[in-house]
Amino acid sequence: MCTYLTETVELQGSGKGREGWFPVTRATVYFDHPVHAPAEHTLNVDLLNPGLGASARVAMELDPSAARALATAILEVLGSAPAAALTEARPVGA
Amino acid sequence: MSDAMRAETVRITGHGGDDIEASLAHPLDDARHGGVVVIHHMPGYDAATKEITRKFAANGYLAICPNLYSREAPGASPDDAAAAARANGGVPDERLVGDVAGAVAALKALPGSNGKAATIGYCSGGRQSFLAACSLPLDAAVDCYGAFVVGTPPEGVPLKVGPIVHLAKDLSCPLLGLFGAEDKYPSPEQVAELEQALKESGKSYEFHTYDGAGHAFFAPDRPSYRPEAANDGWQRIWAFFGQHLAS
Chain A
1 MCTYLTETVE LQGSGKGREG WFPVTRATVY FDHPVHAPAE HTLNVDLLNP GLGASARVAM
61 ELDPSAARAL ATAILEVLGS APAAALTEAR PVGA
Chain B
1 MSDAMRAETV RITGHGGDDI EASLAHPLDD ARHGGVVVIH HMPGYDAATK EITRKFAANG
61 YLAICPNLYS REAPGASPDD AAAAARANGG VPDERLVGDV AGAVAALKAL PGSNGKAATI
121 GYCSGGRQSF LAACSLPLDA AVDCYGAFVV GTPPEGVPLK VGPIVHLAKD LSCPLLGLFG
181 AEDKYPSPEQ VAELEQALKE SGKSYEFHTY DGAGHAFFAP DRPSYRPEAA NDGWQRIWAF
241 FGQHLAS
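Residue numbers (the numbering used here), protein chains in the order written: chain A, 1 to 94; chain B, 1 to 247.
In short, the hints are calculated from the structure, not lab data.
Do not take every clue at face value.
Only pairs whose alpha carbons sit at most 35 Å apart, straight line, appear in this in silico DSBU-like list of lysine-lysine [claimed, not checked]: (1) B:Lys-50 - B:Lys-184; (2) B:Lys-160 - A:Lys-16; (3) A:Lys-16 - B:Lys-50; (4) B:Lys-184 - B:Lys-169; (5) B:Lys-203 - B:Lys-55; (6) B:Lys-108 - B:Lys-160.
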């Protein structure tokens, strides 16, 4: 089935795509058919910069357990990072 | 009889007079042929859909697949274009109809056209094939597991499509529907609702629902592929188009 379930997050950061590094302004997270992964459905994350065109995209297609493990790892790493470092890590211009 | 064919990227005039990209494939013999507009699935104007377009040409049809994401992402790879279109909520219905009308006109302008044209679409394209057949004068249409002809997308979904089953009364041609019994979008109940609407409107239709098959059973490059359902489905398509697109 096509789930079409999508969450959109506005954010600031950088990603490395086909043409090299670019500023990332948005992420979409959705559970649907993958383009490449050998599964019927995957948790997909696109890091995007719509202002630079559709090709400014870093894409991931993860099986659900891998996606959960990744999400947990991100939260654990952030949770154990020194508070001072977190407050210092502001985007340029913020 | 020659079996030579030509396949290439062309430009056609789509909705609103826009110049859009399309994949065209057609036999090179001197006979007259029916035309088929292939409406790609949500993952876009990809290699698999272009292969389907060439398959129609190899079987004696003039075939064209318009790139429905031409405007969002000109020149982008199909998966990037699909991601952009998806984030924007998909293709607006009015624009889809205009693009298909342009594709039909392009087919009928070919010297090998017999003046007949049909649509076929997969996944979101299945819904769009039904939509086109309810909006344009066509000779046949095929809906392969089109979601949201009946029913609305779940809450929080960016897809800007609503149910169009109420358009059944406007269907301009016979409809072939091919569905998987294990699909949820559309579910067997939704397929039954569409069938009921067609019946009440006195429309000509032929539906087949395959046991053991879910969504996208025609796609040989995906785990959802079900060869028995796909092979039978193709036979149904050849018989259906053979009947309705013949000169």
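**Message:** For a quick check of understanding: which of the numbered hints are violated here, in increasing order?
**Reply:** none
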